[in-house]
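Asks: Please build the complete structure, drawing on both the sequences and the hints.
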Amino acid sequence: LAKTTQPISMDSYEGQEVNITCSHNNIATNDYITWYQQFPSQGPRFIIQGYKTKVTNEVASLFIPADRKSSTLSLPRVSLSDTAVYYCLVGDPYNQGGKLIFGQGTELSVKP
Amino acid sequence: EAQVTQNPRYLITVTGKKLTVTCSQNMNHEYMSWYRQDPGLGLRQIYYSMNVEVTDKGDVPEGYKVSRKEKRNFPLILESPSPNQTSLYFCASSLSGLGNNSPLHFGNGTRLTVT
Chain A
-16 LAKTTQPISM
-6 DSYEGQEVNI
4 TCSHNNIATN
14 DYITWYQQFP
24 SQGPRFIIQG
34 YKTKVTNEVA
44 SLFIPADRKS
54 STLSLPRVSL
64 SDTAVYYCLV
74 GDPYNQGGKL
84 IFGQGTELSV
94 KP
Chain B
4 EAQVTQNPRY
14 LITVTGKKLT
24 VTCSQNMNHE
34 YMSWYRQDPG
44 LGLRQIYYSM
54 NVEVTDKGDV
64 PEGYKVSRKE
74 KRNFPLILES
84 PSPNQTSLYF
94 CASSLSGLGN
104 NSPLHFGNGT
114 RLTVT
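First to last, the protein sequences are chains A and B. All the letters of the first sequence, read from the start, carry residue numbers -16 to 95 under the numbering used here. All the letters of the second sequence, read from the start, carry residue numbers 4 to 118 under the numbering used here.
Simulated from the structure, these hints should not be mistaken for laboratory data. Fair warning: there could be bad hints in the mix.
Stated by the list, open to error - What the simulated footprint calls covered on chain A by chain B, stretch by stretch (three residues with Cβ under 8 Å from a Cβ of chain B suffice, anywhere in the stretch; the number is not a length):
1) -9 to -2
2) 53 to 67
As the list claims (entries may be wrong) - PhoX-like cross-link-like pairs, simulated, lysine-lysine; straight-line CA separation at most 20 Å:
3) B/Lys68 to B/Lys20
4) A/Lys52 to B/Lys60
5) B/Lys60 to A/Lys(-14)
6) B/Lys20 to A/Lys82
Claimed, not checked - To be clear about the criterion: a stretch of chain B counts as covered by chain A if any three or more of its residues have a C-beta under 8 Å from a C-beta of chain A, and this derived list gives those stretches:
7) 44 to 55
8) 58 to 70
9) 108 to 115
Every residue gets a Cβ at the ideal spot worked out from N, C-alpha and C, and that includes glycine.
Replies: Set out below in structure tokens:
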């Protein structure tokens, strides 16, 4: 199972771009990389998912280098409402017999 | 609306009194799983189910039971709750398929307090 490492916390200001990097050195060939956002007392919510290169949707971009040993979630022009915990998850239940391991997550604090 | 529904949202109980937390999804997902979340420990998987009648232990299964008699429901059972099971619990589901890149969909959580 791929283990992930992220910074425990990050601070930013409104309007800035925030980049959160996740390390996953033992990622398997079939593993996807998925990022989730969690607000207090709510379930994690899917943000973006990718396999390689770059993926962009309406809320974020995901950059994955060729070796896939890390990935970077990019949040453009953050606002106060982006204050949350962000989790990087590597793998797919059906490639790993069902087990999934979440890392500690990155607590992002956006200040005015 | 596609969703994962957990009930109850809040539950206070006493040590040893059996309880069940329900989880239901309306997306026809094959994979379902339960997690507990504690401060400083992140999300830890309790049990998971790859399909109906197929369940297996996650990282912290002690003191919990699950069942998967039908695809949409995956209840979490605490036969004899103890204070160390006080936690925030989440149920999640995802679509099946080897290599499928379907993300997890989470419920809104159940905050359990065992006194």
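Asks: For every hint, state whether the structure bears it out.
Replies: Hints versus structure:
Residue count for the region -9 to -2 of chain A with a Cβ under 8 Å from a Cβ of chain B: 0. That is fewer than the three needed, and the coverage hint is violated. With a threshold of 8 Å between beta carbons, the proposed coverage of the region 53 to 67 of chain A by chain B is violated, since 0 of its residues qualify and at least three are required. For the hint linking lysine 68 of chain B to lysine 20 of chain B, the alpha-carbon distance of about 14 Å falls within 20 Å, and the restraint holds. With a CA separation close to 28 Å, the supplied pair lysine 52 of chain A and lysine 60 of chain B exceeds the 20 Å bound.
Only pairs whose Cα atoms come within 20 Å are accepted, and lysine 60 of chain B paired with lysine -14 of chain A is accepted, the gap being roughly 18 Å. Simply put, lysine 20 of chain B and lysine 82 of chain A have alpha-carbon atoms about 29 Å apart, too far for the 20 Å limit, and the pair is violated. Residues of the region 44 to 55 of chain B lying with their CB closer than 8 Å to a CB of chain A number 7, which satisfies the three-residue condition for coverage. Residues of the region 58 to 70 of chain B with a Cβ under 8 Å from some Cβ of chain A number 3, which satisfies the need for three, so the listed coverage holds.
For the region 108 to 115 of chain B, the proposed coverage by chain A is satisfied: 6 residues have a C-beta within less than 8 Å of a C-beta in that chain, meeting the threshold of three.
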